[in-house]
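Chemist: Take a look at the letters that make up each chain.
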Amino acid sequence: MTIRGLLSATALVALPVAAMAQDLPPCENCADSMTVVSWGGAYQTSQIKAYAEPYAAMTGTTFTWDESSNEAVAKLRAMNEAGNITWDLVDVEGPDSQRLCDEGLAMEVDIDEILAAGDDGSTPREDFGDSAFNDCYIPQIVFSTTFGYRTNVAEWGGRTPDNLCALFDLENFPGKRSLERRPKKNIEWALLCDGVEKDDLYDVLSTPEGVEQALAKLDTIKSEVIWWSAGAETPQRLADGEVVMGSTYNGRLFSVIVEQSQPVEMLWDWQVFDFDGWIIPEGLPEDRLNRVLHFLHFATDTQRLADQAKFISYGPARASSQPLVSTHADLGVEMAPHMPTNPENQKNYLVNNIEWWADNQDDVEARFQAWLAQ
Amino acid sequence: MTEATRTGQMLAADGTPLKRSLQRALRAQKLRALMLIAPLLLFIMVTFVAPIADMLFRSVENQIVSDTLPRTAQAIRDWDHNSGEPPSDDVLAAFTIDMIAAVERKQHTRLGTRLNYEQNGLSSLFRKTGRGVGDIGETYRDQFAALDPAWTDPGTWIALFADPSWQADHDAWEAARTAARSAGRPFAEPVPPFRLKDGMAGVLPETADAYLDFARAVQGNRNGDPAARAPWPPVYLALYRDLTAVGVGRIATLDEAAQALLDPAHYAVRGFERADLAALYAGIDRAWSQTTVWATIQTFSARYTPGYFLTAVDLKQTPDGITSQPADQKIYIMLFERTLVMSLTIMGACVLLGYPIAFLLANLPMRTSNLLLILVLLPFWTSLLVRTSAWKVLLQQQGVINDILVWIGIVDNAGRLILINNQTGTIIAMTHILLPFMILPLYSVMKTIPPSYVRAAKSLGATNWTAFWRVYFPQSVPGIGAGCILVFILAIGYYITPELVGGTSGTFISNRIAYHISSSLNWGLAAALGTILLGVVLALYWTYDRLVGIDKVNLG
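Those protein sequence lines, which keep their order, are chains A and B.
If you count the first sequence from 1, position 173 lands on 173 in UniProt numbering, and the numbers rise without skipping.
If you count the second sequence from 1, position 453 lands on 453 in UniProt numbering, and the numbers rise without skipping.
In short, the hints are calculated from the structure, not lab data.
Take the hints with a grain of salt, since some may be wrong.
Unchecked claim - Covered stretches of chain B (chain A as the covering partner; in silico rule of three or more C-beta atoms under 8 Å from a C-beta of chain A):
(1) 96 to 110
(2) 121 to 134
What the hints assert, rightly or not - Here are some chain A residues the structure puts well away from chain B; computed CB gaps all over 10 Å:
(3) Ala74
(4) Asp102
(5) Asp200
(6) Leu201
(7) Trp227
(8) Gln262
(9) Trp371
(10) Leu372
Using N, Cα and C, we set each Cβ at its ideal position, and we do this for glycine too.
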């Protein structure tokens, strides 16, 4: 290829980027690198592909990724004590954002002011709806915690679970279960299968007996439970045949079922919805903050959030992004049926009760951990 | 005859006394030696001594209570929790100011979390109270406003409480801001730090104190301007309390404008409708009308606390002294015991497995023993995580070992052994991982035992066993000692392997420490547990030194 040919080829490649770059306002007094904290794995990849790479291509910003979201609260607190914030943008789950916001470790933002309006003309606050539940949180996705089960368990004699309570049914569905090593969701599921109605759930849990009732229900399967602390563990155990059913994030199950074609099925019954999103650490210097805000404006717009769903089966947090959700980037599978928000999948569901958990987390967690250790 | 012999003093070539010259040379040498080790010393101080000191400090430090609730800590000191009565209005008023300031600074949830370690339910109570405390004092604000609308004007408060020099600074700052805005320039200059007017604290002590806190909190929160905001309702509560207590004479010491404002208020407060603080707090949550919450605050308002250490040994500090934790929350003693027992088991397994291997290594011909040594060292050089994950693959129920056992027919397919996510898993994986730490010291000691001793024993008629047991083994004991100390101390603080293969029954105290560091954020308890673990190791080391003698330990 001649030099001229090479030049015109780059020009062709550069053209659409240049066209997009025009949409992006220039960033004044901005740092040229960012440290972004996320969860690693397929989820982080989806963020890199859907927003970080396009943004880097347009602005030349260097991204450093840190996979510490799991310990974000502890580390941000330590950074705050040391007076040296090294992170620019942190991806956390809803409850952690609440805690960080309460303790003043996350910056309060006005999403109407800093984010782009929806493609359908709605303001960010209308567009994000319930997902923007505190003053620090900039949601990205809706995910759910749900169950996967193996389809070829000999002992089940051809039966397959059709509702959540199969989890507690050791007679019909014997075998090991994989559950998260935390009380959240587990105690709600235990109560739902112990005859408590959805509407009474948190009233019951607010009494001291409620938590004991849930733990007593969990006691019935305690010997058969292998506990997990990382989202990748249940899919791994299901694929290995170590467990016959287990809870995890729906996107992780999607990759086991659809991408790796393992003999595993999804049980959507009583899935628990949760949000995942960004917080900006409090106390960033101005140039870094400007860069973060500039990036966020781009990374949370309607198209970008819809793009993310091409790489992972989590629903975009913006209502205006929903119609734009298309097919998987590599497999070409239609993504909508695999979304937790698909009406077919949400006949029975819970929404993570951030308020209740923020108030009661400390008590229940201490009780649960003691129960586990005994 | 030389000079030296005449004076009885040896002189160096340059004429100075030899002793002094030698001393100088030695000092230079010592200094050089010190400078050579200085980087290491500094490194150890920074990375080892300082963190341990910090950990020791954190395990007793409790300043969060007295820092967040300074007035309450002061006021509640004399309250008797056995009286059955909740604290007086003075305490409640102090608590109101503390609490609203904490809410504004976003410290109250953290304080609630801290106190929740000592009494369940306090975390949610503080969150709830944080939402409601802003309304306490509203009754008074409304009554002051009805008396004179100027009371709700931020300017009134500034004129009353701000130091005139601050007011001048503030005016200059405001002028600069207006100029910058009209010119379209960005303006990021912070408001000058608030200063209280002299003399106000003598006349209206609580109000001045509360208003100062208000102004600081407003400034601390993204450089707000106290001159642009009317104070929190609780400040009006303080004003009411001050005005009911202060005499007319004190008010007369103030300037005219202040007198004009305060005199009618001073007269009017006698007719104000009183707000029942106790009832207001009970309205936020019934827990405030009981003594237990207050007693907990009182007990833990000291700057240092043994609370974390007590929790770490399943005890609990209560207002009435130290009691035992309820049975369903006793886990730490059990975890310490488990850690010790399992570390001893792992150490024993390492001796049993390591001794024969080290013996072979030391006694085989060089070529074979070198190959064997590489086999020992190869896993030693492999990443810890890789080895632990490999054990996961081997040990799980559908894993390699179970598959082989089922295939041979030793176990039934339905009765596959549970080798992982329990204590067995931890013991197997950790024994494997720590084995080189046993083999290498053993090997280096055995290498130095002359083979002629055993030969001599045999030639004197000893059997193989007697020659080994009476002659060889005693000489290898220092190696066993070194290996045991190494393996045991490493095992007792192990974290990642038990976490990955230990399930819930095979985890150690260190997993608990990690949990408190990164999940529950109870750093004080984590520090106390870590300190105890350190103490246990030191105590065992000391015992070992007394019983066996540390100089007998030989690393080769």
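Chemist: Each of the hints needs a verdict: does it hold here or not?
Modeler: Checked hints:
| no. | hint | verdict |
| --- | --- | --- |
| 1 | 96 to 110 | holds (count 5) |
| 2 | 121 to 134 | holds (count 5) |
| 3 | Ala74 | violated, 5 Å |
| 4 | Asp102 | violated, 4 Å |
| 5 | Asp200 | holds, 19 Å |
| 6 | Leu201 | holds, 17 Å |
| 7 | Trp227 | violated, 6 Å |
| 8 | Gln262 | holds, 13 Å |
| 9 | Trp371 | violated, 7 Å |
| 10 | Leu372 | violated, 5 Å |
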